[in-house]
Amino acid sequence: METNPPHVPQQLSQAVRDAIRDELREQTREHRHTARMYAGAGAAALYGGAALTAFLLLALALALPYWAAALIVAALLLGAAVLLNKAARDGRRALSGRETPDAGDHVTPPLEPGVPPGAPVVAPPNFAPDNPKRRPDHP
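The number in the working numbering is simply the position in the sequence shown, starting from 1, with 784 added.
It cannot be assumed that every hint is accurate.
With beta-carbon atoms standing in for the labels, derived distance ranges [claimed, not checked]:
#, residue 1, residue 2, range
1, Arg816, Ala864, 23 to 33 Å
2, Asp802, Ala859, 25 to 35 Å
3, Leu867, Ala838, 34 to 44 Å
4, Arg873, Ala829, 20 to 30 Å
5, His815, Leu862, 31 to 41 Å
6, Glu810, Leu867, 32 to 42 Å
7, Lys870, Tyr831, 21 to 31 Å
It should be emphasised that the hints constitute simulated quantities derived from the structure, not laboratory data.
Glycine included, C-beta positions come from ideal geometry on N, C-alpha and C.
With these hints in hand, go ahead and build the complete structure from the sequences.
Laid out in structure tokens, this is it:
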């Protein structure tokens with residue numbers, strides 16, 4: 785390796801690039817391994833849930849007709865899906881730090897057509913929260 789002053793910056797940048805590339809490769813390998821583990825856990829949970837559902841269906845079928853047992857199990861699974869969906873939405877709000885405001889807490893003017901979501905809302909000069917059409921100080 786030459787150490788001529790004109791080649792030092794090139795050699796240094798090449799060494800940094802190689803080090804970064806090697807580190808990224810190693811992290812990618814680790815993330816792939818972790819992703820495989822999560823996928824395996826998800827597949828095992830799916831099969832376990834299916835086996836538990838079959839057990840519940842067969843246990844209920846001992847006392848009820850098959851169609852009634854299937855209907856009860858389906859209702860239980862749909863109820864669990866609704867509860868999990870609600871928990872996921874509440875968790876997402878909690879993670880983002882946003883609270884859902886009550887309807888009467890804050891009044892914002894409606895967005896005009898063509899305004900993208902997330903754009904800053906600018907109230908017109910004659911907008912008042914108590915009367916969306918006029919403010920008392922503006923004729």
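Hints, verified against the model:
1. Arg816 <-> Ala864: 23 to 33 Å: 31 Å, holds
2. Asp802 <-> Ala859: 25 to 35 Å: For alanine 859 against aspartate 802, whose Cβ atoms are near 60 Å apart, the range 25 to 35 Å is violated.
3. Leu867 <-> Ala838: 34 to 44 Å: 22 Å, violated
4. Arg873 <-> Ala829: 20 to 30 Å: Taking Cβ atoms as reference, arginine 873 and alanine 829 lie about 21 Å apart, which means the hint holds.
5. His815 <-> Leu862: 31 to 41 Å: Given range 31 to 41 Å: holds, Cβ gap about 35 Å.
6. Glu810 <-> Leu867: 32 to 42 Å: Hint holds: Cβ distance 40 Å, inside 32 to 42 Å.
7. Lys870 <-> Tyr831: 21 to 31 Å: 26 Å, holds
Hints 2, 3 from the list above are not met by this structure, while the remaining hints are.
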